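Input sequences plus hints: build the corresponding full structure.
2 protein chains.
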Amino acid sequence: MILRRLAAVAALTVLPISAAQADEGMWTFDAFPAAKMRADYGWAPDQAWLDKVRAAAVRLTGGCSASFVSAEGLILTNHHCVAGCAEQNSTARNNILKAGFVAGTRERELKCAGQQAEVVTSIRDVTPEVKGAVGNAAGEAAVKARNAAKARIESAGCPDKTTTRCQVVTLYGGGQYKLYTYHKYSDVRLVWVPESQAPQFGGDPDNFNFPRYSLDASFLRAYEGGRPAATPAHLTWTARAPVDGEATFVVGNPGSTQRLYTTEQLAMQRELVAPMRVATYSELRGRLINAMESSPVKNREGHQTLESIENSLKVYIGLKKALDDPAFMGKIAAAEADLKAKSGNRFGNPWSDIAGATQAYRNLYLARYFALPRGTLFNYAITLVRAADERAKPDSERLPEYTESALPLVQKQVLDARPIYPWLDRLQTEWSLSKAREYLGADDPETRLLLGQESPEGLAARLVAGTKLADPAYRKRLWDGGKAAVDASTDPMIVYARKIDANDRALEQKFDELVDGPVTAAQAKLADARFAAYGSTIYPDATFTLRISYGKVQGWNERGTPVPTRTLMGGTYERATGAEPFDLAPAFIANKSKINMATTYDFVTTNDIIGGNSGSPVIDREGKVIGAAFDGNIHSIGGNYGYDPVLNRTVVVSTAAVEEALKNIYPAPGLLAELRRQKSGVGKL
Amino acid sequence: MILRRLAAVAALTVLPISAAQADEGMWTFDAFPAAKMRADYGWAPDQAWLDKVRAAAVRLTGGCSASFVSAEGLILTNHHCVAGCAEQNSTARNNILKAGFVAGTRERELKCAGQQAEVVTSIRDVTPEVKGAVGNAAGEAAVKARNAAKARIESAGCPDKTTTRCQVVTLYGGGQYKLYTYHKYSDVRLVWVPESQAPQFGGDPDNFNFPRYSLDASFLRAYEGGRPAATPAHLTWTARAPVDGEATFVVGNPGSTQRLYTTEQLAMQRELVAPMRVATYSELRGRLINAMESSPVKNREGHQTLESIENSLKVYIGLKKALDDPAFMGKIAAAEADLKAKSGNRFGNPWSDIAGATQAYRNLYLARYFALPRGTLFNYAITLVRAADERAKPDSERLPEYTESALPLVQKQVLDARPIYPWLDRLQTEWSLSKAREYLGADDPETRLLLGQESPEGLAARLVAGTKLADPAYRKRLWDGGKAAVDASTDPMIVYARKIDANDRALEQKFDELVDGPVTAAQAKLADARFAAYGSTIYPDATFTLRISYGKVQGWNERGTPVPTRTLMGGTYERATGAEPFDLAPAFIANKSKINMATTYDFVTTNDIIGGNSGSPVIDREGKVIGAAFDGNIHSIGGNYGYDPVLNRTVVVSTAAVEEALKNIYPAPGLLAELRRQKSGVGKL
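The listed protein sequences derive, respectively, from chains Z and S. Using this note's numbering, the first residue of the first sequence is number 5, and each one after it goes up by one. Using this note's numbering, the first residue of the second sequence is number 5, and each one after it goes up by one.
Simulated from the structure, these hints should not be mistaken for laboratory data. Do not rely on the hints blindly, as some may be mistaken.
It does not matter which identical chain is used: a pair holds within one copy or between any two.
Claimed, not checked - In silico SDA-like pairs for lysine to any residue, Cα to Cα no more than 25 Å straight-line: (1) 102 to 583; (2) 344 to 578; (3) 596 to 349; (4) 302 to 466; (5) 514 to 565; (6) 628 to 602; (7) 148 to 452; (8) 346 to 560; (9) 397 to 491; (10) 325 to 272; (11) 318 to 450; (12) 318 to 271; (13) 318 to 372; (14) 56 to 310; (15) 318 to 461; (16) 480 to 248; (17) 318 to 272; (18) 598 to 133; (19) 325 to 447; (20) 148 to 396; (21) 325 to 450; (22) 503 to 583; (23) 487 to 26; (24) 135 to 397; (25) 346 to 166; (26) 628 to 164; (27) 596 to 447.
It should be emphasised that the depicted structure is a prediction, and the values quoted were computed from it without experimental measurement.
Here is the structure:
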């Protein structure tokens, strides 16, 4: 899942969760804190407003958020959410990622492999059913009972798996279970993207920074039955500039936060997880940068992967910084002490339960993390091997990733045609095998299982060179052939996946027994303790499910210097150096005289978001879309652990800038007309 | 300086310095703790023993240690200390790094560029002179006065700069100053190296690990006046296997430890220095791995650089782990509290002084670290630019690196002919410029100075492609031409070095004023406090100057499992997989039947060493050499901050294995005869 993380570096002022602070919170739609917002803003949306917005909010299974902005399935999201699709539709001769793409007509809209758009249609509390099914079970038995209950509820909730998807979402780490039902659009096509240099101006150096000059926007279209989907419940487009201080809502799918972690869990992040990720991602980044410099083809093919690695790396570096900050850790410890004091013995000792499970997790972590090598081709292989095994079992006994409700998306992702770059797979697989050996040790049994008598370099080269899994027809043959076909396959990648499958399954089982089971039980108690202590002023950690955040258009002070609320399009020209990544996109040069330089380009708000929120509509009080969130500032990275109202900011590309681009830079008159039609259309709130 | 770090991961049992624990300590030769050793071992060397050993101990300016082992200038050191020389003397057709090299005759011995061998001839306390010259000065003024005094003392101490070198060494961070006088050998040649796969068996995965199967040994020879140097004061060679529990001495030049750091200084390492190093070195490693995979030539040319980067990276990962260990940091804090309690107010408040200066250092650190890009060609350029400026000044006003006593080695290192690999320079320069932008920010004034309107990629390519500094004759012209020649040069690398020189000098000045000055003054007080509290049971932090450590041949327990004291040569064959880096060196395959499999290969001792000790002779009670230290175990990395007698081990290649190789694997009968002649020769102790 490619997630931009839009989160917050913990500075001295960071406020770990007890009761939510001003503008803090990624709220579920069934628990919007209207009273709290009304107290702060003198106004809050009513249920009708929330329902309408919810109906227009889109989750993209690639790891992003989005929104419908026309009645004909038109979707607004970020460029970086569809860059993979643009790259997959590019060739050496027709590099649409680089050159941009305007479909012009419906017929020319381009399919995005593996991408699916999903809209929440209902949320139902199933906590009693799930908790009841678990009963007094513990460890792995509890995890199995829970997963079986979830599979049962999901299956019963969505008999029609072609247009609906059901997901039981675990909130508060096990405190609540909610059944989310989605209408799904499994045919999503590319409509409009600017040249990649327009959104990527400033590149990695500017990522998580502001002021910013990025056109990180794009349009997709949802199809049903081969035709543009009818989406009457869309947002209304407005190209007006944001007003300083005005209220803004971000509606999207924040991927993951750990604001409810105990200090023991954070210590494991600090001492084990984050350092390993920083070191290994940095090395992968270096390998990829060097490979991409060796040829223009590799430069194009590796581009999106590099962007994603650099984004993740910056997040982990920021998280580690937050975790290494004694003031930050001190505040979290203080919040934990407060909850302990308020709770007494009424909820058992969940902190101690979690501490024990975390020690077990520390012992398992590296083996589990390195049990399966990385790479698209290997992913195909292990998915085919497992799907064959799991499909033969009753739904309630399957791994959660392969239940009937989960299977259609898995199948789509395995079978959708998409280009494979063998050099990139080889690079990633080699890297991950080499890091497995480094972190586990050359003589570790898992290393020996992974490598046998081969080297990471030799093994990766052999598997990638020998496999036929790049061919979607071959994948389909194995999928359709099921266990017999997979077992009979002599494809080296399949043979390898079969060989190492059992070890990873055994580690997952241990994890369920020693970590997931006890931690879920303890977190359920912690959730009860928090509700008892702080009432409904708390929200669950992010789970890549639909949330709403409220805030306002506002800059911040960076070490004494005010950072402005917005940039103007004219600022791009002042900042450009001509050298990558500060070189202007060609169309920005060619159309300079036409562009209204005073157009608001990007702006910042106080909304509380995190990776996965990329592409989220930024909505005004009237329910109109005024931008698409695409990043956080550097202070937002520690937001994984706590929101800081003083420094944490969301970075948004304005609809004003997008409309300017549709008019004068990457002209798309049909698209513009479609957007404008909606201003008085059925979608109006 | 390529330093293998042979240091100790802080585990729960680590003992930060207060009074030295069993076997702990890197002692100076003028303060050997004979009484303490006698108490523990029932025996200790006398002054005559120490003097003889000292006279045979060699410092290699490339960053290693070594020893004379014949009367004809023969030097024993590690393979990894001379691999750079082997690589520089290799060509695509004649890759002696890979194939190994046996000179056979004196005439065929190969010069090592930039390498110099140095032997301590006297140590004199100059503390009163230096402290007197500083007087009541503070900040930058104190640093200048100190440096001027050091330059004066060094210049007066060594009127003959052709065969001697003088260095005033700062001990206890400013508590003591000692004048070390060296006899120097600036012509050092390669005599014998095995195939690189023999010492590098196990590669990076085995680095800092044990059991180990590495022939990390080599021989050099010191020349004077074009002839083998006369070195009557050498160690006696013995090829006997070590005995478990026997006393061992390691004599060499540990590079750097921070055992006397305050908790504030360690916090800066933990929060700022170590994370940045881990991330940036990891990326450099990745870039280099990928580049080396692209061609056999690059594979050869990049080999030594990669090994050095991977070694440094492993050290920083280990250091970060130690610094992230709450138990470890807790013990250091406890030791600091103990010293504070014993000291009262008698020494002022050096801890608070250091805390203030460390805050200033945090603010300066990144700018200073990134002020000059990396790369051999850039190093030539900045050295030529600075040498031209500094040589025009009186000795006492120069930068310390360019005083009359320091200049001969600088000149040798700039002018010695050595191959340059433009792709490698470009890679390193591009990487460091790109990391400067990442850590300082794209809009930082220093980033703008470094890059102007160019990208890191474009600038590095332009400078490396355009410079003539790879040509030693051109470097000599600029060196000899002095300031006029350097100022007139239009060589792009020289032009660039001139452009960025002033910024780095200004940062150094700030550093002297805000950090070096106050920290040195405070550390002098801390040294006084320590001597008052713990008497002479403490030793100074490592300074890449001669030290002696005592210990014994002993294994350790790794999580309950005993690790044996030694490996046998036969074990190599059992561990080999055939795949890199666990593939046997060809001569090990070819000569398998001749090799005595029961020969002790590598062994471990409790000696306290650190990076820079590589190549140090391991000496028995009789003063005979029984091995060469080449690594520490994984627990030794935290040894930077504290020695752990339970886990910290030195890894040694035995003379028994080296002699077996000289006989049966890489035969060198002449060399063997030369070593054996010494058994009854003048060098006998």
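Cross-check of the supplied hints:
no.	hint	in the structure
1	102 to 583	within (16 Å within a copy, 41 Å between copies)
2	344 to 578	neither (54 Å within a copy, 56 Å between copies)
3	596 to 349	neither (67 Å within a copy, 69 Å between copies)
4	302 to 466	both (20 Å within a copy, 22 Å between copies)
5	514 to 565	between (51 Å within a copy, 24 Å between copies)
6	628 to 602	within (22 Å within a copy, 81 Å between copies)
7	148 to 452	neither (30 Å within a copy, 57 Å between copies)
8	346 to 560	neither (34 Å within a copy, 48 Å between copies)
9	397 to 491	within (16 Å within a copy, 79 Å between copies)
10	325 to 272	both (14 Å within a copy, 12 Å between copies)
11	318 to 450	between (30 Å within a copy, 21 Å between copies)
12	318 to 271	both (20 Å within a copy, 22 Å between copies)
13	318 to 372	both (23 Å within a copy, 22 Å between copies)
14	56 to 310	neither (37 Å within a copy, 58 Å between copies)
15	318 to 461	between (27 Å within a copy, 20 Å between copies)
16	480 to 248	neither (53 Å within a copy, 63 Å between copies)
17	318 to 272	both (19 Å within a copy, 20 Å between copies)
18	598 to 133	neither (61 Å within a copy, 74 Å between copies)
19	325 to 447	between (33 Å within a copy, 21 Å between copies)
20	148 to 396	within (17 Å within a copy, 79 Å between copies)
21	325 to 450	between (31 Å within a copy, 23 Å between copies)
22	503 to 583	between (48 Å within a copy, 20 Å between copies)
23	487 to 26	neither (54 Å within a copy, 62 Å between copies)
24	135 to 397	within (24 Å within a copy, 81 Å between copies)
25	346 to 166	neither (48 Å within a copy, 77 Å between copies)
26	628 to 164	neither (32 Å within a copy, 84 Å between copies)
27	596 to 447	between (61 Å within a copy, 24 Å between copies)
Hints 2, 3, 7, 8, 14, 16, 18, 23, 25 and 26 from the earlier list are contradicted by this structure; the remaining hints agree with it.
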